Amino acid sequence: MTQNPDPNPDPSQVLDDLLSSEQQQQQPESLSIDTRVEQAWAHWKKLGRPKYIVAPMVDNSELPFRLLCQKYGAQAAYTPMLHSRVFTETEKYRNQEFTTCKEDRPLFVQFCANDPDTLLEAAKRVQPYCDYVDINLGCPQRIAKRGNYGAFLMDNLPLVKSLVKKLAQNLTVPVSCKIRIFPNLQDTLNYAKMLEEAGCSLLAVHGRTRDEKDGKKFRADWGAIKEVREALRIPVLANGNVRCVEDVDECIRETGVEGVLSAETLLENPAAFAGFRTAEWAKEEGYVDGGLDQGDLVVEYLKLCEKHPVPWRMIRSHVHKMLGDWFRVHPQVREEFNAQNILTFEFLYGLVDQLKELGGRVPLYKKRKIDTPQLHSSQVGLNRSLMGSVTTSNFLNPQLGAEIRVPVKNTHVYAFAEHGNELRSSKDVKGNPTAVYRRMGQGSSYGVGVKLGFGKS
Numbered sequence: 001m002t003q004n005p006d007p008n009p010d011p012s013q014v015l016d017d018l019l020s021s022e023q024q025q026q027q028p029e030s031l032s033i034d035t036r037v038e039q040a041w042a043h044w045k046k047l048g049r050p051k052y053i054v055a056p057m058v059d060n061s062e063l064p065f066r067l068l069c070q071k072y073g074a075q076a077a078y079t080p081m082l083h084s085r086v087f088t089e090t091e092k093y094r095n096q097e098f099t100t101c102k103e104d105r106p107l108f109v110q111f112c113a114n115d116p117d118t119l120l121e122a123a124k125r126v127q128p129y130c131d132y133v134d135i136n137l138g139c140p141q142r143i144a145k146r147g148n149y150g151a152f153l154m155d156n157l158p159l160v161k162s163l164v165k166k167l168a169q170n171l172t173v174p175v176s177c178k179i180r181i182f183p184n185l186q187d188t189l190n191y192a193k194m195l196e197e198a199g200c201s202l203l204a205v206h207g208r209t210r211d212e213k214d215g216k217k218f219r220a221d222w223g224a225i226k227e228v229r230e231a232l233r234i235p236v237l238a239n240g241n242v243r244c245v246e247d248v249d250e251c252i253r254e255t256g257v258e259g260v261l262s263a264e265t266l267l268e269n270p271a272a273f274a275g276f277r278t279a280e281w282a283k284e285e286g287y288v289d290g291g292l293d294q295g296d297l298v299v300e301y302l303k304l305c306e307k308h309p310v311p312w313r314m315i316r317s318h319v320h321k322m323l324g325d326w327f328r329v330h331p332q333v334r335e336e337f338n339a340q341n342i343l344t345f346e347f348l349y350g351l352v353d354q355l356k357e358l359g360g361r362v363p364l365y366k367k368r369k370i371d372t373p374q375l376h377s378s379q380v381g382l383n384r385s386l387m388g389s390v391t392t393s394n395f396l397n398p399q400l401g402a403e404i405r406v407p408v409k410n411t412h413v414y415a416f417a418e419h420g421n422e423l424r425s426s427k428d429v430k431g432n433p434t435a436v437y438r439r440m441g442q443g444s445s446y447g448v449g450v451k452l453g454f455g456k457s
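Each residue of the sequence shown is one higher than the one before, counting from 1 in our numbering.
Rather than coming from a laboratory, the hints here were simulated on the basis of the structure.
Here the structure is a predicted model, which is why all the values come from computation and not from measurement.
The calculated lysine to any residue pairs, modelled on SDA-like cross-linking and capped at a C-alpha distance of 25 Å, are:
{"no.": "1", "residue 1": "Lys-216", "residue 2": "Trp-281"}
{"no.": "2", "residue 1": "Lys-51", "residue 2": "Tyr-72"}
{"no.": "3", "residue 1": "Lys-366", "residue 2": "Asp-353"}
{"no.": "4", "residue 1": "Lys-369", "residue 2": "Asp-289"}
{"no.": "5", "residue 1": "Lys-303", "residue 2": "Arg-94"}
{"no.": "6", "residue 1": "Lys-45", "residue 2": "Trp-222"}
{"no.": "7", "residue 1": "Lys-321", "residue 2": "Pro-311"}
{"no.": "8", "residue 1": "Lys-216", "residue 2": "Ala-263"}
{"no.": "9", "residue 1": "Lys-213", "residue 2": "Leu-189"}
{"no.": "10", "residue 1": "Lys-165", "residue 2": "Gln-127"}
{"no.": "11", "residue 1": "Lys-366", "residue 2": "His-320"}
{"no.": "12", "residue 1": "Lys-165", "residue 2": "Glu-38"}
{"no.": "13", "residue 1": "Lys-124", "residue 2": "Pro-309"}
{"no.": "14", "residue 1": "Lys-92", "residue 2": "Glu-103"}
{"no.": "15", "residue 1": "Lys-321", "residue 2": "Glu-212"}
{"no.": "16", "residue 1": "Lys-51", "residue 2": "Lys-216"}
{"no.": "17", "residue 1": "Lys-145", "residue 2": "Leu-120"}
{"no.": "18", "residue 1": "Lys-165", "residue 2": "Asp-187"}
{"no.": "19", "residue 1": "Lys-303", "residue 2": "Glu-336"}
{"no.": "20", "residue 1": "Lys-45", "residue 2": "Asp-247"}
{"no.": "21", "residue 1": "Lys-51", "residue 2": "Arg-368"}
{"no.": "22", "residue 1": "Lys-71", "residue 2": "Ile-252"}
Work out the full structure, taking the sequences as your base and the hints as a guide.
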């Protein structure tokens, strides 16, 4: 008599069984796994190892928005999630929902799916135009539950494995996956390893569980992402807790990932990767008007939409997000915008002009940079407690968050940090070595150190 499968199997047991089966089947081909890993890294390096990445967003990471973010520092981007079945069946859907151009690279094209053959058919249509075909394994919304895709495939791990293998064995471009974490760390690690074994060449990890939908309420678990990064051999990206470009750098330092995805922050501020912040995230000392505002970004976005047409629902959504701070200052303009059932470019350009005429500009902010003069021997003292023969300057005491760039001649620049401060070696615009000091927090030790010597810095 055949036993019915457990309707609520233990994820740990399912993952262990899948990994064991995969290892038994692939043992004679272990070299091919090594080759896949080598190819995964070669491809990633060929793309320039992008670290500032536009996350996939339904109806929001379309071509004009991707290009706008690219202008302001994004180094790669995902398309919105595309439905694989509808994509294969409907020409209108394909033409309307997926557009690209030669400047739109590196590009991840993301699909949701629950049938391997349908997914492969959809993927083959886009592989000439992208650098990765991505499988959405992280969408937590109710529509994904109804459609049996996204994060709800975490309940059907054999199907997930078959989706990845089908693409990995039949496409000319690498397969990537975007996942959420399990509540249990070991389940997450086993899940990630299964995807790698099945042929995934790059994994993006959103550090929240399927039930943690509200990014403002639940912090992403960078610790879990770090564990995944250390457990895998393929490139890993992180998603979650990014409010500004400095958060990207902090995430990379803490987790060891190759790059970081941002979604909500970019919707409000597409220039975030270029170092611009909204007022909400520029309250600390050292931030000044960056000479750019969201009205300027809306105008740039609209011009891109005129060149690369997209559905008006996408345009409406972006204008609402980017002008949100302005609408709070001038709610009557927001009401006028919401009442406009049929949008036109003329109306939207006029809307921005109207907001600017009303005054109360809402700027984006950028960190103030302070240059100091050349260090002289009278300004430094010898400190042999640090590495080698070193001179240090302890006369610097900038505001929190401010940067000081110190030109250094005929030296090797080295970096040290104490009490939450940051010091790194760098080069100025002419290629000369400089020591860059940033005061990150209250501390008793701050300064710039340079190691005396000659040769290349």
